[in-house]
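Peer 1: Taking the hints into account, I'd like the entire structure generated from these sequences.
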Amino acid sequence: AQTVTQSQPEMSVQEAETVTLSCTYDTSESDYYLFWYKQPPSRQMILVIRQEAYKQQNATENRFSVNFQKAAKSFSLKISDSQLGDAAMYFCAYMDSNYQLIWGAGTKLIIKP
Amino acid sequence: DAGITQSPRYKITETGRQVTLMCHQTWSHSYMFWYRQDLGHGLRLIYYSAAADITDKGEVPDGYVVSRSKTENFPLTLESATRSQTSVYFCASIRGDTQYFGPGTRLTVL
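Chains A and B supply the protein sequences, listed in that same order. Residues in the first sequence are numbered from 342 upward in steps of one, following the numbering used here. Residues in the second sequence are numbered from 10 upward in steps of one, following the numbering used here.
If you're looking for bench data, these hints aren't it; they were derived computationally from the structure. Certain hints may be false.
Straight-line Cα separation of at most 30 angstroms, DSSO-like style, residue types lysine-lysine; simulated pairs [unchecked claim]:
no., chain 1, residue 1, chain 2, residue 2
1, A, Lys449, B, Lys20
2, B, Lys66, B, Lys20
3, A, Lys396, A, Lys414
4, B, Lys79, B, Lys20
5, B, Lys79, A, Lys414
6, A, Lys449, A, Lys419
Peer 2: Structural data, given as structure tokens:
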């Protein structure tokens, strides 16, 4: 069975600086999708970024980028130029062949002004 | 493009009452999901549906019933609500091989 591990329950970063959130996963499949979702205090679950496993190129979305290491089964999220609005819970997730998501426990990101 | 809508957004009910949470998606995708999220925790899958009239249990199905007569709707019913079902409920569907979520329903059972 697939598992997703986020080893950092909480991270803090100074506004305008860069922070990296860690995620590792375990799977025996070769083709899959990985995601980072953001959940602000409003509780809305918002897609941040996604990565297809068959693509070697790391996904980027504006200030958000990932470091996808398929062999190491690692999928970290880098947030550049952190903003106060980035404060939220961040969940890493793996999608299986039935479109089901396996979730990490989440990392709470605190932005210091 | 409304995407996924949920209703009601907030609901207060009493123990033992039946409650139905509605979910509607405009993408006509076959897969839909119901999750619950308790304070300080991640999402747990209650039920999912691969197509109209096809549903299957997730991690925490006890106390819940689902139906799916139309592709775009996936209601979740608590047949006899209990205090332990106080939670935020999220519906999700698929667009472009990605799960997208509705805004959630905050349910309180007194």
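Peer 1: For the pair supplied as a hint, Lys396/A and Lys414/A, is the alpha-carbon distance within the 30 angstroms limit?
Peer 2: It holds: about 14 angstroms lies between the C-alpha atoms, which stays within 30 angstroms.
Peer 1: Hint check: Lys79/B vs Lys20/B, CA-CA at most 30 angstroms. Holds or violated?
Peer 2: holds, 24 angstroms
Peer 1: For Lys66/B and Lys20/B, compute the direct alpha-carbon distance and say whether it is at most 30 angstroms.
Peer 2: holds, 24 angstroms
Peer 1: Are the Cα positions of Lys449/A and Lys419/A separated by 30 angstroms at most?
Peer 2: holds, 14 angstroms
Peer 1: Does Lys20/B sit within 30 angstroms of Lys449/A, going by the straight-line distance between their CA atoms?
Peer 2: holds, 27 angstroms
Peer 1: Do the alpha carbons of Lys79/B and Lys414/A lie within 30 angstroms of each other, as the hint requires?
Peer 2: Not OK: Lys79/B and Lys414/A at ~38 angstroms, beyond 30 angstroms, violated.
The earlier numbered hint that this structure contradicts is number 5, and it is the only one.
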